[in-house]
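Please build the complex by placing chain B on the supplied structure of chain A, with the hints as guidance.
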Amino acid sequence: GAGVSQSPSNKVTEKGKDVELRCDPISGHTALYWYRQSLGQGLEFLIYFQGNSAPDKSGLPSDRFSAERTGGSVSTLTIQRTQQEDSAVYLCASSFTGALIDTQYFGPGTRLTVL
Amino acid sequence: AQSVSQHNHHVILSEAASLELGCNYSYGGTVNLFWYVQYPGQHLQLLLKYFSGDPLVKGIKGFEAEFIKSKFSFNLRKPSVQWSDTAEYFCAVNTPTDSWGKFQFGAGTQVVVTP
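Chains as they are written, first to last, in our numbering: chain A, 1 to 115; chain B, 1 to 115.
The following block holds chain A by itself, in its conformation from the complex:
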């Protein structure tokens, strides 16, 4: 497939557990974004990777959230000690160069439910 893929599509976990969410960007895209969308709210920016530059982590809501991008491609968003308020759809997007004129292509999202 040529689009952004995310896995798993759904994740149900218990409060206090750690979860890992995966994003495979479009091949050749150097910029990658993570957002989350809580029920009835817009997208909330979490983190942005651009090539080999240090990521912009300014949107991460707490130190329980972290993300990495290996080899400039696949990214993993990790949430430690999950809380019920972490329940949301986590969206990943990628763009070709990260230039603002580049279109962001979104994946289908991972729906996280914390019980």
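Please keep in mind that the hints were generated in silico from the structure rather than gathered at the bench. Fair warning: this is a prediction, and the values are worked out from it, not measured in the lab. Be a bit skeptical, because a hint or two may be false.
[Unchecked claim] Computed list of lysine-lysine pairs in DSS-like fashion (alpha-carbon distance at most 30 Å, straight line):
#1 B:LYS58 - B:LYS102
#2 B:LYS71 - B:LYS58
#3 A:LYS11 - A:LYS57
#4 B:LYS102 - A:LYS11
#5 B:LYS102 - A:LYS57
#6 B:LYS69 - B:LYS102
#7 B:LYS102 - B:LYS78
#8 B:LYS102 - A:LYS17
#9 A:LYS57 - A:LYS17
[To be verified] Chain A regions said to be covered by chain B (calculated; three or more residues, Cβ under 8 Å):
#10 42-48
#11 53-63
The C-beta atom is built at its ideal place from N, Cα and C for all residues, glycine as well.
What follows is chain B alone, placed relative to chain A:
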């Protein structure tokens, strides 16, 4: 902190009616502005974007938006909607001088077009 406001959470209208969705942002500096759409069961996709130049921007599927700097607004319009325009619409703002890759999204407007 910057914010993006979408005035209507839900809009219901008939086919062939005109559509206008409001978007206001709070930031006094340089902004880049976007409208995204999410059709039922599909990924978020870009409708149109504004960076500079003509404040009236035309996007896909007959949509257009006008940037009015003095009003901090970027309203989306379509003269005659179709049933296939039923979707959720998100306004987004990027403030490149603050954070290159960070995008602030509005809460979204759910649009339902009835036959």
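Cross-check of the supplied hints:
1. B:LYS58 - B:LYS102: Judged against 30 Å, a Cα distance of about 24 Å means the pair holds.
2. B:LYS71 - B:LYS58: 20 Å, holds
3. A:LYS11 - A:LYS57: Satisfied, since the Cα-Cα distance of roughly 23 Å is no more than 30 Å.
4. B:LYS102 - A:LYS11: Holds, because 26 Å separates the two Cα atoms, which is no more than 30 Å.
5. B:LYS102 - A:LYS57: 9 Å, holds
6. B:LYS69 - B:LYS102: 20 Å, holds
7. B:LYS102 - B:LYS78: With a Cα-Cα distance of about 28 Å, the restraint between LYS102 (chain B) and LYS78 (chain B) holds, given a limit of 30 Å.
8. B:LYS102 - A:LYS17: 29 Å, holds
9. A:LYS57 - A:LYS17: Measuring from Cα to Cα gives roughly 22 Å; hence the hint holds.
10. 42-48: holds (count 5)
11. 53-63: With 3 residues in contact (Cβ-Cβ under 8 Å with chain B), the coverage given for the stretch 53-63 of chain A holds.
Of the hints listed earlier, there is not a single one the structure fails to meet.
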